[in-house]
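Q: Sequence:
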Amino acid sequence: MLTIELARRLTDAGLTWEPVSGDRFVVPVTGMEEEVFVISEITVDVHHFSTGDVIGFNGTTEWALDSVEQDKVVWLPREDQLRDLLGDAFVALEQLEGGYAVSVLAGSGAVERHVDIDVERAYARALIARLEAAGAA
767 MLTIELARRL TDAGLTWEPV SGDRFVVPVT GMEEEVFVIS EITVDVHHFS TGDVIGFNGT
827 TEWALDSVEQ DKVVWLPRED QLRDLLGDAF VALEQLEGGY AVSVLAGSGA VERHVDIDVE
887 RAYARALIAR LEAAGAA
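Numbering follows this note's numbering, with no gaps: position 43 of the sequence shown is 809.
It should be emphasised that the hints constitute simulated quantities derived from the structure, not laboratory data. Check each hint, because a few of them may be wrong.
To be verified - Label pairs and their calculated CB-CB ranges:
1. D778 x G865: 33 to 41 Å
2. D854 x F815: 34 to 42 Å
3. V877 x T769: 21 to 29 Å
4. I770 x S806: 29 to 37 Å
5. D850 x A899: 17 to 25 Å
6. S816 x L862: 47 to 55 Å
7. F815 x G875: 39 to 47 Å
8. E863 x H813: 39 to 47 Å
9. H814 x V877: 39 to 47 Å
Unchecked claim - Pairs of lysine to aspartate or glutamate residues, derived as EDC-like cross-links and limited to a Cα-Cα distance of at most 16 Å, are as follows:
10. K838 x E799
11. K838 x D884
12. K838 x E771
13. K838 x D819
Just so it is clear, CB atoms sit at the ideal spot from N, CA and C, and this is done for glycine as well.
Make the full structure from the sequences, and use the hints.
A: Quick look at the structure:
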């Protein structure tokens with residue numbers, strides 16, 4: 767699974783999030799970093815207000831968290847979302863001994879490989895490189 771650090775790097779590189787059902791996120795406060803929440807119309811939903819989006823926890827009577835502002839959470843994109851965000855730049859996914867490599871086309875047309883022990887992390891590293899290259903252009 768994607769780490770909070772890589773998810774933050776994606777945001778810092780320019781990735782924006784429009785929350786939809788099925789999206790995963792964490793609330794990065796002490797004691798909650800390991801709790802991964804999933805947006806669903808049943809338990810966790812997005813409420814749109816003129817002041818900004820709020821992620822609401824519906825029917826959570828066992829604890830006092832009713833909602834949290836979207837900019838206070840960290841989105842953890844899934845493998846399919848990361849691959850979709852790479853778009854036509856995506857070339858291949860390889861399983862390696864002890865990890866994965868994601869190959870993408872760089873702006874120059876060369877193929878770059880991004881390797882990590884986790885497939886989502888490899889995709890995230892490839893997307894971070896693309897976003898940073900686009901931001902530098």
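Q: So, for every hint listed, does it hold in this structure?
A: Now for the hints, and whether the structure bears them out:
1. D778 x G865: 33 to 41 Å: violated, 24 Å
2. D854 x F815: 34 to 42 Å: holds, 36 Å
3. V877 x T769: 21 to 29 Å: holds, 25 Å
4. I770 x S806: 29 to 37 Å: Given a distance of about 21 Å, which is not inside 29 to 37 Å, the answer is violated.
5. D850 x A899: 17 to 25 Å: Check passed, 18 Å falls within 17 to 25 Å.
6. S816 x L862: 47 to 55 Å: holds, 48 Å
7. F815 x G875: 39 to 47 Å: Given about 44 Å between the Cβ atoms, the range holds.
8. E863 x H813: 39 to 47 Å: holds, 46 Å
9. H814 x V877: 39 to 47 Å: Check passed, 40 Å falls within 39 to 47 Å.
10. K838 x E799: Holds, because 12 Å separates the two Cα atoms, which is no more than 16 Å.
11. K838 x D884: violated, 25 Å
12. K838 x E771: Cα-Cα ~15 Å, so holds.
13. K838 x D819: Judged against 16 Å, a Cα distance of about 11 Å means the pair holds.
Of the hints listed earlier, those the structure fails to meet are numbers 1, 4 and 11, in rising order.
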